[in-house]
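Top to bottom, those sequences are chains A and B.
Okay, so the first sequence: first residue is 1 according to the working numbering, each after it adds one.
Okay, so the second sequence: first residue is 1 according to the working numbering, each after it adds one.
Honestly, I wouldn't trust all of these hints.
[To be verified] Selected chain A positions facing chain B (Cβ under 8 Å, derived; list incomplete):
| id | residue |
| --- | --- |
| 1 | 29 |
| 2 | 93 |
| 3 | 357 |
| 4 | 361 |
Since the hints were derived computationally from the structure, they do not count as laboratory data.
Just so you know, even glycine gets a beta-carbon here, dropped at the ideal spot from N, CA and C.
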Amino acid sequence: MKMGNLEVLIERLLDLEGALKRVELGVFPRRTQRKAVEYIIFLLRNLRSSLEPLSSSPSASISSLIEKGYELLQAICNIAEKIERSNVHYTPLGAVYLAEYLAGKVGEGIIPIICFQSSSSSCARLSDLLKITAPLLPLECRKLKEDVVFFTLPYFLKNDPLSHCLIARELALHLIETKGLLKEALTKASSPHQLLTIAADRLATLMVGPAYLFSLLNINFSSSGREERIQSIVHLLVDEGYYEKKALRHILPSLAEARPPAGVEYLCEMEERFKKTAAYYSSETFESEVPQLVSRLLDLLPPNEVTSPDMATRPAEVPSIINAGWVVKQHHMSAFYKILKAQKPEEKYHARRKLDALIEKAIELSVIHKSLLEAEI
Amino acid sequence: MTVLSKEEILRRLFTANKREKLVITPLISKSQVSAGSVDLRLGTEFIITKRTKYSLLDPARHDIEAEIAQYQEKIHVPFREKLILRPNQLILGSTLEYIKLPGDLMGYVIGRSSWGRLGLIIATATLVSPGYTGVLTLELVNLGEADIALYPAARIAQLVLHKVTEEEEGYLQKPLPKYAGATGPEFSKLHKDKEWKILSGGSPSF
């Protein structure tokens, strides 16, 4: 019986290898996907070469190996689906740039892959596969220089670049989990799930500012802790000084909604530490960049650059670009429609798509501009 | 119509006067501005053409948009990677820079001679109207014998700027133009010209 199971497993691994080779032929925004597929095929081959000799000389550990093989098969199928969905037809470039920007700021040596799926699923990592197969691999192959992390956003947000900043929450969850940021607090909390959710919301807000709250409200989410989540983000935005910013007047929710979350004492220390990292986006940066970027959008220019009083220009921070987009969307759309002479619903739809295109263009230009400045071209 | 000097281009780029302001964003380095022109970089998005069952692109046909959709494919070449342009191949690219001309300036996009010597033609329809806003679509053709590697963000074209004798009504003040606010290369919208109904003998028949 066990031998039969082993043969079936080996056949499935071969099937999967063939399927992955077809996935590899897709057109992807980065080389990462192809490298990830190559790596997974490498893992599969190693697993097969460990299993194949057992078909002729069974060993006592065959059951646990088969179990491990199926575990790996399941995990690879999950990741293969994400790789397939991350091709250029399914994944807008703005989201790719944004994820790379945020991952680069966090600086944990991770390469993000973004995919948009109809079903929500938690983030997956290439290193998870390694954990499963590690005992079967040669020693020198048991470590990854950089981990590839797959972040998933709902499919209906694919063409909504302003809402792509919800990636910040996925990244926050990854950080909390892999760095054990709230390990102790989660064991003590009365509702660990709610504490984790609120902690991720707050870290995401520290990464991208009020744009995170606008995105969250925009998806019209409903969950049991919805009120508490909103109140906690509003409370953080008040603390961060966003309620004093002119550009956000009349846009942010009422101050009456600000309430500290349960377990705030656990969160403070984590947040203070986070604020010392490059990934922190402050309200001072918001204030110095967003109003200018809003003006650029209203001139039908991509909001990619800010100008200092001496007329020197520099690339804008990516969270500022997204915040500027939200400010226009929430407060200046009638002016934007007027510029584009959009009156009918279809014309207004195209005007909104133009705004999205300017945001995506600005994110790309800002990232390339920074790279060229660093290279001193 | 005079050609703008380097000093005048720089003044226009950095003036706070909105009416006179020339926007070329991002301008990575002032060294892109030289006597009479501004160097422009290659963008990351391209439209390549592919072989389809259609052998003829006829702008007068009622189903031309569907034909065009089958005939073209948008691709993205990331920064620090390259695209190979084969001999005699036509692809559409765009400038990396987003441009906004004031109402009293117009421009011509021309190739850089270093690329031209390799056989690369970058634009055939080169006029940029006063008040134009958006990236500039480039028609890239390799007229040489060997493949040419194209790198996004490489300086590939030059924009020569002229002052028009009388200020034009801004590009966006007129009825909305076909290519206003483009953020990437755009395929031909020739079929949207009103004259096709007359030229093709009236309304299309089914």
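To see whether the hints hold, each was checked on the structure:
{"no.": "1", "hint": "29", "in the structure": "6 Å, holds"}
{"no.": "2", "hint": "93", "in the structure": "6 Å, holds"}
{"no.": "3", "hint": "357", "in the structure": "4 Å, holds"}
{"no.": "4", "hint": "361", "in the structure": "4 Å, holds"}
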